[in-house]
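Protein chains in written order, with my numbering: chain A, 1 to 317; chain B, 1 to 568.
Incorrect hints may have been included.
[Claimed, not checked] Derived, one-sided and incomplete: chain B residues facing chain A with beta-carbon distance under 10 Å:
#1 G105
#2 R185
#3 V378
[Claimed, not checked] In the DMTMM-like style, the derived pairs of lysine to aspartate or glutamate whose C-alpha atoms are separated by at most 20 Å in a straight line are:
#4 K299(A) - D28(B)
#5 K191(A) - E107(B)
#6 K136(B) - E220(A)
#7 K167(A) - D116(B)
#8 K91(B) - E301(A)
#9 K508(B) - E249(B)
#10 K299(A) - E249(B)
#11 K23(B) - E33(B)
#12 K299(A) - E442(B)
#13 K146(B) - D10(A)
#14 K187(B) - E342(B)
#15 K167(A) - D28(B)
[Unchecked claim] Chain A is faced by these chain B residues, among others (derived, beta-carbon under 10 Å):
#16 M49
#17 A53
#18 I55
#19 K82
#20 E100
#21 E108
#22 K115
#23 M141
Honestly, the hints are just simulated from the structure, not real lab data.
Glycine included, C-beta positions come from ideal geometry on N, C-alpha and C.
Residues per chain, in single letters:
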Amino acid sequence: MNVWLNFLIDSLAFGAVFMYGSTGEILTEKAGHLNLGIPGIMCMGGAGGCLVLNLIGKSSLPGFLIVMLGIAGALAMAMLMGMIYSFLTVTLRANQNVTGLALTTFGVGLMKVIFSKLDPTVYLVGPKTMYRWPFAGRTDALQCLGVLFFLGVIIAIAASLVLYRTKVGLHLRAVGENPGTADAVGINVTKYKYLATCIGSGIAGLGGFYYIIDYMASQEAYLSLEAFGWLSIALVIFALWRPHMTIIGSTVFGFLFSCSSYIANIEGITITMAAKPILKMLPYVVTILVLIITSIRNKRENQPPASLGLSYFREER
Amino acid sequence: MEKNLALSMQGITKRFGSVVANKSVDLDMYQGEILAILGENGCGKTTLMNMIAGIYFPDEGKIFKDGKEVVIRSPKDAFDLKIGMIHQHFKLVDLFTAAENIVLGVEESQRYNIKDVNNRVSEIALKYGFHIDPQKKIYDMSVSEKQTVEIIKVLYRGADILILDEPTAVLTPQEIDRLFSVLRRMKEDGKSIIIITHKLHEVLAISDRVAILRKGEHIATVDTCNATESSLTEMMVGKKVTLNIDRSEPVAPQARLEVKGLNCVDHEGVQVLKDVSFTANSGEILGIAGIAGSGQRELLEAIAGLQPLTSGEIIFNNPKKDKPVTFFHKSMARVKELGAQEAFHDEYGNPVSFDGMTNKQIKGWVESGKVLFREDEVMNLRDKTPLEIRELGVRLSFVPEDRLGMGLVGSMGITDNMMLRSYRKGHAGFVDRKKPRALADEIIRELEVVTPGVNTPVRRLSGGNVQKVLVGREIAFAPKVLMAAYPVRGLDINSSYTIYNLLNKQKKNGVAVIFVGEDLDVLLSLCDRILVINSGAVTGIVDARTATKEEIGLLMTQTDTQEKEAVQ
Numbered sequence: 001m002n003v004w005l006n007f008l009i010d011s012l013a014f015g016a017v018f019m020y021g022s023t024g025e026i027l028t029e030k031a032g033h034l035n036l037g038i039p040g041i042m043c044m045g046g047a048g049g050c051l052v053l054n055l056i057g058k059s060s061l062p063g064f065l066i067v068m069l070g071i072a073g074a075l076a077m078a079m080l081m082g083m084i085y086s087f088l089t090v091t092l093r094a095n096q097n098v099t100g101l102a103l104t105t106f107g108v109g110l111m112k113v114i115f116s117k118l119d120p121t122v123y124l125v126g127p128k129t130m131y132r133w134p135f136a137g138r139t140d141a142l143q144c145l146g147v148l149f150f151l152g153v154i155i156a157i158a159a160s161l162v163l164y165r166t167k168v169g170l171h172l173r174a175v176g177e178n179p180g181t182a183d184a185v186g187i188n189v190t191k192y193k194y195l196a197t198c199i200g201s202g203i204a205g206l207g208g209f210y211y212i213i214d215y216m217a218s219q220e221a222y223l224s225l226e227a228f229g230w231l232s233i234a235l236v237i238f239a240l241w242r243p244h245m246t247i248i249g250s251t252v253f254g255f256l257f258s259c260s261s262y263i264a265n266i267e268g269i270t271i272t273m274a275a276k277p278i279l280k281m282l283p284y285v286v287t288i289l290v291l292i293i294t295s296i297r298n299k300r301e302n303q304p305p306a307s308l309g310l311s312y313f314r315e316e317r
Numbered sequence: 001m002e003k004n005l006a007l008s009m010q011g012i013t014k015r016f017g018s019v020v021a022n023k024s025v026d027l028d029m030y031q032g033e034i035l036a037i038l039g040e041n042g043c044g045k046t047t048l049m050n051m052i053a054g055i056y057f058p059d060e061g062k063i064f065k066d067g068k069e070v071v072i073r074s075p076k077d078a079f080d081l082k083i084g085m086i087h088q089h090f091k092l093v094d095l096f097t098a099a100e101n102i103v104l105g106v107e108e109s110q111r112y113n114i115k116d117v118n119n120r121v122s123e124i125a126l127k128y129g130f131h132i133d134p135q136k137k138i139y140d141m142s143v144s145e146k147q148t149v150e151i152i153k154v155l156y157r158g159a160d161i162l163i164l165d166e167p168t169a170v171l172t173p174q175e176i177d178r179l180f181s182v183l184r185r186m187k188e189d190g191k192s193i194i195i196i197t198h199k200l201h202e203v204l205a206i207s208d209r210v211a212i213l214r215k216g217e218h219i220a221t222v223d224t225c226n227a228t229e230s231s232l233t234e235m236m237v238g239k240k241v242t243l244n245i246d247r248s249e250p251v252a253p254q255a256r257l258e259v260k261g262l263n264c265v266d267h268e269g270v271q272v273l274k275d276v277s278f279t280a281n282s283g284e285i286l287g288i289a290g291i292a293g294s295g296q297r298e299l300l301e302a303i304a305g306l307q308p309l310t311s312g313e314i315i316f317n318n319p320k321k322d323k324p325v326t327f328f329h330k331s332m333a334r335v336k337e338l339g340a341q342e343a344f345h346d347e348y349g350n351p352v353s354f355d356g357m358t359n360k361q362i363k364g365w366v367e368s369g370k371v372l373f374r375e376d377e378v379m380n381l382r383d384k385t386p387l388e389i390r391e392l393g394v395r396l397s398f399v400p401e402d403r404l405g406m407g408l409v410g411s412m413g414i415t416d417n418m419m420l421r422s423y424r425k426g427h428a429g430f431v432d433r434k435k436p437r438a439l440a441d442e443i444i445r446e447l448e449v450v451t452p453g454v455n456t457p458v459r460r461l462s463g464g465n466v467q468k469v470l471v472g473r474e475i476a477f478a479p480k481v482l483m484a485a486y487p488v489r490g491l492d493i494n495s496s497y498t499i500y501n502l503l504n505k506q507k508k509n510g511v512a513v514i515f516v517g518e519d520l521d522v523l524l525s526l527c528d529r530i531l532v533i534n535s536g537a538v539t540g541i542v543d544a545r546t547a548t549k550e551e552i553g554l555l556m557t558q559t560d561t562q563e564k565e566a567v568q
């Protein structure tokens with residue numbers, strides 16, 4: 001296969017990390033909660049999944065079950081983080097930014113502790129082939145696509161359908177736009193906020209797990225995971241708060257982020273060491289451009305949910 | 001015709017802290033009637049209705065729907081009982097279409113399909129004669145369209161009791177007309193409608209019966225056909241209560257502030273001030289009476305330089321007098337600039353020039369009090385920022401309605417709040433804390449502010465003490481014009497009298513005091529003249545010593561004849 005096609009497939013696979021992260025973040029933000037804990041939650045998702053695989057990786061369980069249990073581990077750990085975040089910001093009405101940043105610091109640190117105790121030969125080597133199904137063992141770029149990649153695409157599309165085509169989605173968007181109104185028509189605002197945050201965190205956690213176990217499949221992968229958490233939050237803006245847009249957005253981000261290493265392989269282009277970090281900045285530059293363009297056009301549909309970042313308290317007048 | 005009781009309230013009492021919002025209210029309403037609830041600001045109309053709609057829960061009393069006792073704990077309970085309320089502030093999601101807002105929160109067995117909803121919305125609209133596009137986004141809608149969405153939202157849920165909280169406040173006469181015809185059709189359809197309002201002619205035009213509330217109590221319910229504007233006003237405002245406020249005769253009043261033809265449009269394009277003209281005299285308290293939101297806030301903010309005007313003049317008159325230049329009102333740069341323009345003179349009348357002097361020398365000279373200037377006699381304050389007004393040497397003090405929002409910073413102590421007025425003073429970038437600290441101590445001592453210390457955040461003080469701090473600060477700068485918006489709102493009787501006395505003292509000192517109040521008894525006992533404002537226009541200026549409450553009440557609620565005709 002030619003280098004460009006490989007490049008595209010790799011961008012897709014790489015972008016799936018962001019796709020999970022930002023789909024999760026969009027769900028949370030649609031409920032009016034700016035979850036800056038996403039990097040920490042992705043890290044903890046990765047740690048949770050690998051912890052489970054470390055326990056069962058050498059057992060004789062069927063491959064399917066190992067995959068499911070790994071995913072369940074990642075989900076459980078990330079949703080636990082989401083629960084902490086919801087409890088602090090929804091029930092106790094703590095400041096969302098501070099809570100999120102604290103969760104990130106906590107999650108990244110705890111993940112490093114967990115990984116230092118895990119044995120990569122157990123949690124990586126065996127499960128890797130299972131997660132790469134149906135492309136396991138291939139030598140071209142397609143080997144990067146596996147179960148978790150397709151799951152990510154399905155989740156992104158499903159999230160969009162739920163948000164824009166169902167009543168649950170209508171209610172969730174109402175909660176994020178104007179919780180007072182939602183409350184007045186009998187929608188349980190707290191329930192929606194908790195569920196959206198926890199489910200969103202779970203999805204984001206899968207992104208971290210995907211990156212470590214499937215895309216990178218290396219024991220150092222977890223060290224760079226935090227950066228992808230931040231990129232995921234940037235991608236939310238790029239995708240204009242629409243989950244299905246993250247599929248395109250994440251590919252663009254993946255493309256831009258990895259183009260420094262691919263461009264060097266293309267004949268006729270020479271690249272210096274100094275240029276690489278500059279190329280890696282591109283996703284952020286594009287995010288700023290998108291922000292500028294959407295702010296200038298000022299279309300209401302492309303703006304963040306109106307009550308994003310604000311705590312809701314019924315009796316406050 | 002035999003009428004069935006639709007809703008009945010018995011002995012409803014609601015307290016907020018020590019304030020009693022509703023005191024054992026009994027109210028009945030029948031099926032297929034329009035009941036108007038009439039009352040002054042803060043008489044508990046909205047609170048009472050909120051208890052039916054499930055926003056508040058009554059402390060005492062019972063509510064019966066169709067003869068059965070019911071408990072309404074949330075808006076959802078109210079919806080389940082087919083009671084729907086259209087709030088004054090619309091509860092709509094801007095980003096959604098009309099249909100999406102209408103269907104929000106409705107539990108239906110069938111699958112959610114926005115097309116079905118659109119059709120059903122159109123059906124309801126057709127039935128009662130609304131005009132609405134179900135697919136239009138709320139943020140594209142006019143206020144009247146938004147109100148239509150709110151009403152359909154309630155009808156969509158099958159409500160048979162509709163409560164409308166001041167529905168006409170935001171509408172044009174034509175829109176009011178259309179709304180009333182819709183309401184009549186709903187009444188014919190057997191729905192019961194409660195309409196909260198303080199516009200008398202609307203009450204007479206639309207309602208079958210009128211319930212009058214005053215200070216949280218139900219005064220009477222009368223049949224509209226037996227009522228007149230004056231009989232309703234009398235019940236609404238009640239008998240005059242004489243308050244023991246010491247009112248002195250104004251001494252040598254002179255026109256201090258002349259406001260001519262002010263017009264002002266708010267950010268939504270609604271005209272909030274219409275051709276407002278008046279004169280505030282020195283040594284006099286000018287009261288401003290009106291229904292809440294009739295433009296009082298905008299008027300004061302316009303004078304204070306916070307509200308852009310479309311037309312009009314604000315003329316400040318000041319007696320000619322030589323005064324020493326101070327750095328309080330003017331920055332060093334401004335002093336130098338004016339010095340270069342020969343605006344200052346020394347004690348012998350020779351012009352002052354700062355040529356070739358260092359800042360330190362200029363400062364020394366100015367602070368010796370020997371650099372004098374003659375205040376401009378007449379100044380137009382229009383389109384001036386508060387800072388520019390202060391630099392002109394106009395001492396204008398403003399005690400805003402929103403004490404902890406606009407007046408003081410809640411999380412700062414008294415000293416720091418004093419500095420909000422003097423932060424421009426100080427040396428080489430450092431602020432002067434000594435004088436504000438001394439002022440803070442003085443205010444605490446003189447006005448008996450109860451506080452643990454000068455650095456306690458003012459937010460933690462009680463309402464009365466907060467107001468004392470704010471008024472004390474504004475008075476400390478020896479104002480020529482003192483404007484106070486609702487300065488006694490939420491204050492207990494003793495704190496209120498402290499504030500009245502402070503205002504009276506300022507009046508004796510020759511300050512032109514402008515007092516916006518809501519209690520007519522207070523206005524009549526405290527002020528010398530009362531200006532009545534109604535929907536942004538001045539409907540009259542009366543002598544407070546001779547005016548009656550009914551007279552003011554009518555001026556507050558009457559509408560011009562053109563609007564009246566449109567309704568009937």
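Structure-based check of all given hints:
For G105(B), the shortest C-beta to C-beta distance to chain A is roughly 3 Å, which falls under 10 Å, so the interface hint holds. Checking R185(B) against chain A by beta carbon gives a least distance of about 25 Å; that is not within 10 Å, so the hint is violated. For the restraint placing V378(B) at the interface with chain A, the shortest Cβ-Cβ distance is roughly 44 Å, beyond the 10 Å limit, so the hint is violated. Annotation: proposed proximity of K299(A) to D28(B) is violated, straight-line Cα distance about 48 Å (limit 20 Å).
Using a Cα cut-off of 20 Å, the hinted pair K191(A) and E107(B) holds, with the two alpha carbons roughly 16 Å apart. Taking the CA atoms of K136(B) and E220(A), the gap is about 53 Å. The hint is violated against a cut of 20 Å. Pair hint K167(A) plus D116(B) holds up; C-alpha atoms about 13 Å apart against a cutoff of 20 Å. With a C-alpha separation of about 19 Å, the suggested pair K91(B) and E301(A) falls inside the 20 Å cut-off, and the hint holds.
For a cut-off of 20 Å, the pair hint linking K508(B) to E249(B) stands: about 9 Å separates their Cα positions. Between K299(A) and E249(B), the direct Cα distance comes to roughly 60 Å. Violation of the 20 Å bound is thereby established for this hinted pair. At roughly 25 Å between alpha-carbon atoms, K23(B) and E33(B) are farther apart than 20 Å, so this suggested pair is violated. Restraint check for K299(A) and E442(B): the C-alpha separation of about 54 Å exceeds 20 Å, so the hint is violated.
A C-alpha spacing of about 50 Å is found between K146(B) and D10(A), which places the hinted pair above 20 Å, so the restraint is violated. For a cut-off of 20 Å, the pair hint linking K187(B) to E342(B) is broken: about 74 Å separates their Cα positions. Proximity of K167(A) to D28(B) is assessed by CA-CA distance (about 38 Å); at most 20 Å being required, the pair is judged violated. Taking 10 Å as the C-beta cut-off, the interface hint given for M49(B) is violated, the closest approach to chain A being about 14 Å.
Residue-level restraint check for A53(B) holds (minimum Cβ-Cβ distance to chain A is 9 Å; threshold 10 Å). At about 8 Å, the closest approach between the beta carbon of I55(B) and any beta carbon in chain A falls short of 10 Å, and the interface hint on this residue holds. The beta carbon of K82(B) comes no nearer than 14 Å to any beta carbon in chain A, farther than 10 Å, and the hint placing it at the interface is violated. Hint status for E100(B): holds, given a least beta-carbon distance of 6 Å to chain A, under 10 Å.
For E108(B), the interface hint holds, the least distance from its beta-carbon to any beta-carbon of chain A being 8 Å, beneath 10 Å. Below 10 Å, beta-carbon pairs count as interface contacts, and K115(B) has none with chain A, the closest being about 12 Å; its hint is therefore violated. Hint status for M141(B): violated, given a least beta-carbon distance of 12 Å to chain A, over 10 Å.
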